[in-house]
Amino acid sequence: MNNLLAVIFDGVVYSSWLFLMAAGLTLIYGVMRILNIAHGSLYALGGYTAATLAGAWLAAGQAAIGSYAMLVAAAVLVGLVMGPLLERGLLKWMYGKDEVVLLLVTYAAFLILEDAIKLVWGVESMLLPDPYSLPGNFHIGTLAYPVYNLLLIAMAIVVGLALAWALYRTRQGKLLLAVIHDREMSAAMGIDVNRVYLVTFTVGSMLAALGGALTAPMIAVSPGIGVEVIVLSFAVVVVGGLGSLGGAAIGALMVGIVRSAAVRYWPEAELFTIYFVMAMVLIARPKGLFSAPEARKI
Amino acid sequence: MSRDRTLPALAIACALLLAAAAFAPQWLVFLLALALAKGLVVLGLVLLMRTGLVSFGQGLYFGLGAYAAALLSHRAGLADAALMIVAGTVCAAAVAAILGLLLARYREIFFAMLSLAFSMILYGALVKSSALGSTDGFNLHAKAFAGMALAAGLERRVFFAVSVVAMFCVGWLLHRYLASHWGRLSAAIRDNELRVEYLGASVYRVVYVNYVAAGALAGMGGAFAALAVGHVDPETAYWTTSGEFVFIAILGGTGNVLAPFLSAAIFEGLRTVANQYAPNVWQMSLGLAMLAIIMFLPGGLWTLLRRRGAA
Amino acid sequence: MSAVLVCDGLHKSFGAVSAAADVSLSFERESVVSLIGANGAGKTTFLNMVTGYLKPDRGSIRFEGRELTGHTPREITGFGICRSFQIPQLFHSLSVRDNLLVAEGIAATERAEEATDEVLERFGLTQYGGQPAALLPEGVRKLLDVALALVARPKVLLLDEPTSGVAADEKYGVMDLVMGAVRGQGVTVLFVEHDMDIVQRYCGRVVAFYDGRVIADGEPRKVLDDAEVRRYVIGEEAHA
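Quick note, the sequences are listed as chains L, X and S, same order. Those letters in the first sequence? Residues 1 to 298, by this note's numbering. Those letters in the second sequence? Residues 1 to 311, by this note's numbering. Those letters in the third sequence? Residues 1 to 240, by this note's numbering.
If you are wondering where the hints come from, they were derived from the structure by calculation, not from laboratory data. As the structure is a computational prediction, the values presented were derived from the model and not from experiment. Nothing false has been slipped in among the hints.
Below, computed lysine-lysine pairings styled on DSS-like, alpha-carbon distance capped at 30 Å:
(1) L/Lys97 / L/Lys174
(2) S/Lys222 / S/Lys155
(3) X/Lys128 / L/Lys118
(4) S/Lys171 / S/Lys155
(5) S/Lys55 / L/Lys287
(6) L/Lys92 / L/Lys287
With the rest of the complex left out, here is chain L (with noise of 0.2 Å):
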């Protein structure tokens, strides 16, 4: 019993960290059709700028619970300054053009990114530990979690719920998802698609730096960090459908727990479970879980 519950709170662990990463990505590609590989760049500067930030802010004596509220800070930092960069000065110049050729445009980014954050914080490894370590363990039966797991999901669940309430209950975010349904018809109608593209993007890098940046603690930030978590992202936004916020919350739970469940019973086997059950989804449903109809072409 003990570890099946442990298999299913890592799980759920797991989960939330896959949740934010993915709701960016499935964001940012059910508005602008584009699948963004830089979200991996995105999340290492998250981590990085936390790593800087909140170390800085340790550092010079101030009090621990504030170096929370550093991660945050540096996740929206990096989103307002690298969302609107990659935006306006990169990604505007090639809308219009194939998906595919979309995708190696980000794909460069990520390149170009790659080396940047190596040129601005060198190549050595970055350690944050108090924010993780600080608040403890609880004890589930007789096993000890870090109580940070636990900021960890209920983070995710705010974000979840705070994304939802934006997209379907403001103004600002039905017009978003009116473009997600039609981006013609939004523009026809007189919706500022070039402003929601902007948003858009710029919410979403947030969350992949916000990924980023909660992970920090647990890791040491180094370079590569951004490089396995794209395919990952990938696999759970495929999953859920691109472009479906729900779709990435129950893609995340799927894969989180699958995995979980991989690690401790069949290590060996981890990576291939995840893409076994995005494999097994997507042969069921060739579209992933909850996708958008598509209009009729002849």
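Given chain L's structure and the hints, the job is docking chains X and S onto it.
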């Protein structure tokens, strides 16, 4: 309507490279051998791109080809390069034949990322396998070719020469294929799948065949790469390796079967220089170059040659 | 006189929209029939069901006795039913000649090059032979679209608005070429059309659609004078 100069060009390239195999310094032989091996992989990519598909996962077959070749010497005690090349190609083709059944149903982004995902499965399996050396991989030793023992020190030159012949044969075959009905049909599928179905042809079948062919080519390239380097590791299946292949494909363009080999040579040359003098900005340079090509020269470098030739 | 294509009780709805409601039609061999109706009346849905792009919710479609529902467009093309499209479906980066060569290759025509030359000649496309399909004027695109459909020598040819988007003074030219290409080959032709002059000139029978139903079916003169057709299709109220 220009005369088809591909066969003479291939023959000349073949002759020049064979001369290099015999007389060029070791470092150049190594660079060219690796370039040719990657060129084979990219040739398969070009075939897929002609059909309208970009695979971000050719590393799967490249890695399979490399490891299959290496395992022959590691496990089966066979040190014959010819067997290794065949093993690499066949192994990759077999896996492609199975995965292709699923992947041939997908297009665009889904195809790109699904192929990536499968290559990552192999990567994960290789990294976790201590029997296969995990992230370090292991070495491969080939001492003979098709039964003939090779003089020590000459092996790499011989393998390179074999890869040159492979380039010639495969390049010519693919050139004929692309000029045939199936080649035209592949381009038609890229342009308008629906119409192809409405004309009575099976899109799935063409995509499947092209996918398996690309997989086989990547496997062959992997075997040759393993022979050139003398070592295999999981990096061959990593998605960034697949990304390199895509970059080389875009660099050269899809205009001619020679383009992949040419651009692979340029790529390897540049990489050698970058590793020497500026290793920390290599990826950035790649990214910038890719953007430049996408924006200013979408047909790849080959279009430059085409324009001059057509004058 | 035999019925080559028989549709019985076809129903198709998309949510609340009824695109086909109890459509039963029968077409004789070598007849030339025009399908008319306002946009959204169900004409293209009908063509899509016959060619297998859509599956009817209920009903059957028989071609020379064989049931078509459940088959794919590729299979139905193989049985001998070909179609052209409202928006020409071409291979945009290939030349006109290569477009046709693809079709000839699929149809496994012997001496494909000569056959292609013949088609280019017959449709007046020879001068466009080397041009990429994407750069053609609209009327030429339509012609190529129809030419592609004819390569496989179909027994039934479905044309979806063959003259829409074609300049007014070229419409007759296009239809003359198309009808000339099928004359004497035992082909049954169904064409969707909005231009009533074209309808009157080229077909021997008219079927009028409205709201997914067939509201009139018969000789052109009779159908075009029908009160309901005048109201729902042509758009003229009959004043006392």
